[in-house]
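Undergrad: We have chain V already, so just place chains R and F on it with the hints.
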Amino acid sequence: MNLPLPLIVLITIFCLAGVGLYCLLITRNLIKVVIALQLMVKGAVLAFILAGNLTGQMNTAQTLALTVIVADTIVAVVGLALAVQIRLRTGSLDVKSLSSLKR
Amino acid sequence: MTMAMIAVMIGGPWLGALVVWAVGDKREKLQHWLAVLFSAVAGAAAIVLIPNATSEAIVKIPVGGAFGDFTFVPDGLGVFLSVIATVIGSLAVVFSTSYMKGEASLGRYYAFVLFFIGAMVGLVLSSNLLLIFFFWEITALCSYALIAFHNDDPKAVRGGVKALIITSIGGVGLLVGALVLFAYTGSFDLNTFLGASGTIPANILSLLAFGFLIAAAAKSAQFPFQTWLPDAMEAPSPISALIHAATMVNAGVYLLARTFPAFQGVPFWREAVMIVGTLSAILAAVMALTANDLKRVLAYSTVSQLGYMVYAIGAGGVFASQFHLFSHSIFKALLFLGAGAVIHSIGTRDMLEMGGVGRKLPLVKWVFIIGSLALAGLPILNGFWSKELILEAGLKGGPAWLYVLMVIVAGLTALYTARCVWLVFFGEPRTEYHVHPAGIGMKVALIPLALAALVSWIAVGPFSALLGERTLPYHEIEQTSLATVIHEILTLPTLIALLVIGLGILLWFTRSKMEGLINGLRSIRWASEKSFGFEALNTAFVEVTNNIAEALRSTQTGILNWNVFAIAASLIILFVILVLGG
Amino acid sequence: MILYLLVGLGILACAILSISARRLLISAIWLALTSALVAVMIYLLGAPHIAVIELSVGAGLVTVLFVFAINIAGEDTSRLKSIIPTPVAIFAVVLAVVLGLVLILRANVSVALTAPLPENSAILWQSRYVDLLLQVVLIFAGVLGVIGLLAEKVKPHREEETE
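Chains as they are written, first to last, in the numbering used here: chain V, 7 to 109; chain R, 549 to 1130; chain F, 327 to 489.
Only chain V is shown next, with the shape it has when bound in the complex (with noise of 0.2 Å):
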């Protein structure tokens, strides 16, 4: 069996982002979801790559994905604090408690 090479890692980016949204589903943990949010966008510094390289435009390609990167970087960093902040002033880490809304 011969795949070609752009196939697997096509199948590679959408099956991490799926695990990203998976995960994003499922859990109730604030980390967690900063976790999933870090696993979706490897999946679209990936896709950018790829897309460069079978452009030919490797250039262009590299600095979005640095970009998204650094984005994503920030994402992190402040869905971090929040959680922390969250911690520290509900004592959970739970999504669920955070809903205000009236229902």
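These are calculated hints, taken from the structure and not from any lab test.
Check the hints yourself; a few may be wrong.
[Said to hold, decoys possible] Listed next, with one range per pair, are the computed distances between beta-carbon atoms: (1) R:1102 with F:398: 31 to 37 Å; (2) R:755 with F:343: 54 to 60 Å; (3) R:1100 with F:431: 33 to 39 Å.
[Stated by the list, open to error] Listing some non-contacts, in silico: residues in chain R with all C-beta distances to chain F over 12 Å: (4) 566; (5) 606; (6) 615; (7) 730; (8) 744; (9) 750; (10) 818; (11) 910; (12) 945; (13) 979; (14) 1092; (15) 1105; (16) 1109.
Idealized CB from N, CA, C, for every residue including glycine.
TA: Positioned in the frame of chain V, the structure of chains R and F alone reads:
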């Protein structure tokens, strides 16, 4: 230069909104001054822009394929309405410095006022329909927030929500119109549309025409949406002046005037516009006759006068309608600010509790009378000239029976104006009330408006030049001069109209001799207090919207997992559509 | 091909282990491993710069942050039952992934990887000043956010807003 002026007119008030809000409610004086400063700068920029009006797009922001360019075109209509919005708006702000003294959350108040003014300028200067929709919705949001400013008063909140929902119907009409337009011309640009309206299929054009008519009727509180404006009376008085004279309701008339060249050929459209205008004018005038709340009377009179403008557009008199809008903005701002001064001084809005206020507040009395005479359409005040222009346009471009009705409404206007002035300022005090003197900011705002109501009609020549061929190539507005207008107006129909107006005023002073007639009209009075059933219609609509919103609330759990699930579900739906569609 | 396959499988395995680990600390470590393997794949695809950055930031800095945060917030060992039923979640995810793949593969993608281009990092940023600016703004915003959030003393009115 022009570009900078446009930026100042929109960005200035918006920046001011942020600054005033950021200053914080602890520094009240600074907030007043900053609000006046930012609105006055925008007003000055608008005035500077008048001689620079042009039909070319000055600001062009390319935003990519689907949206086209976000263009700002300072043409005659746009500049004129932005002058109204900023100058009258800044006078309302000046008035507020006295009226709102010591109120809580002034930051919120001024931030929304300035946001409102900037959005209105953006609305009238933009020529991209999508951008117009954006500003349109901002004005709806601001009017909601300001009507419901006293948010501990359930009546105010109800009025605000009603205004938001009803004007949102108009927003939907506009959005649908914009999308249909894009589907058929590939561009959201209004001027492109006006130039190429002949290439659009007739049925689509009529869909657009009536969609925009609904949008305009909802925004300008025209039949059958006229009930939100009177309910908006819970707002502080300067806000009423802002909504009625400077910003909100002008937007609907503006939209009709702007798109008139494209739609005038659509069958029944002009008739529909005229009938909407006439019905609004009549119904509102009758309701104004029976209302006892001072601000409610003025609100009905706004609906009625907007009816005149809409009627004029339907009759082909775009110039007359815009000239009346100009006059109306001045005298209605004057009346509302004057009413605000009265209400602020004696602390009630019920006219039956007033009486004899004129002796305590002489200045307010005189400016209010000037405004009322302009509203009634008496010479030589500005309302006279513009109303006669409208009636003349109606005689020329519309059926005679509508003209007769509009002349009768002019008489009714005079009647309810006389009633209102008499009940408030003359006679003996009917209750014990305590009078606070009017503040300095109130006087500063009232006097220029009163002077303008006396003399603004002299500017008819330059005004027609502003709206002329040079800046509005599709509207075919002829340039006229003061002499021509005077010559045109001093004819037999005007005399008849004047006679009817005089009769209206006379009717009030001879009311005691006509008990029988008044008793005979009891049923009309009863019906008008119920707003001829349209109150129920509008309220039902608001109720339905509220109930749907209540029902949809259960979808908002506030739990992250469900929100992510919704995102995933929409992604799947999108994918399915793409896979199936090709 | 085997190399790509191995790295790809490794990434997936680490990702799945990361989300299924009971302890948060273990999760974070699996995440770091995922990141490292992603960096390897990026390198294989011919983007060494990004690979290095991903390795140092994704596997290094972010992991440190996670460990730091988990230390402060503490392990959350209570096993809460998920709100959305697991089969529904799995179904939705599988559907989305399969549909997405179908869409991508139907489009006309050339199936051969191009050889990595000769790199010239000077032109890397030549036409992307906006990105650079954006990153500076982002980093600044991130620093401000963290300072604000981790501050021990909270202003009284801020407290009202968050609660």
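Undergrad: Does each hint fit the structure? Answer for all of them.
TA: Hints, one by one, checked against the model:
1. R:1102 with F:398: 31 to 37 Å: About 36 Å separates the Cβ atoms of residue 1102 of chain R and residue 398 of chain F, which means 31 to 37 Å holds.
2. R:755 with F:343: 54 to 60 Å: holds (58 Å)
3. R:1100 with F:431: 33 to 39 Å: holds (38 Å)
4. 566: The claim holds: residue 566 of chain R sits with its nearest Cβ about 18 Å from chain F, beyond 12 Å.
5. 606: Holds: least Cβ distance 25 Å, greater than 12 Å.
6. 615: At about 20 Å from chain F, residue 615 of chain R clears the 12 Å cut-off, so the statement holds.
7. 730: holds (26 Å)
8. 744: holds (36 Å)
9. 750: holds (40 Å)
10. 818: holds (50 Å)
11. 910: The assertion about residue 910 of chain R holds, with a minimum of 46 Å to chain F.
12. 945: holds (54 Å)
13. 979: holds (43 Å)
14. 1092: holds (32 Å)
15. 1105: The assertion about residue 1105 of chain R is violated, with a minimum of 9 Å to chain F.
16. 1109: Residue 1109 of chain R not clear of chain F: closest Cβ-Cβ about 5 Å, inside 12 Å.
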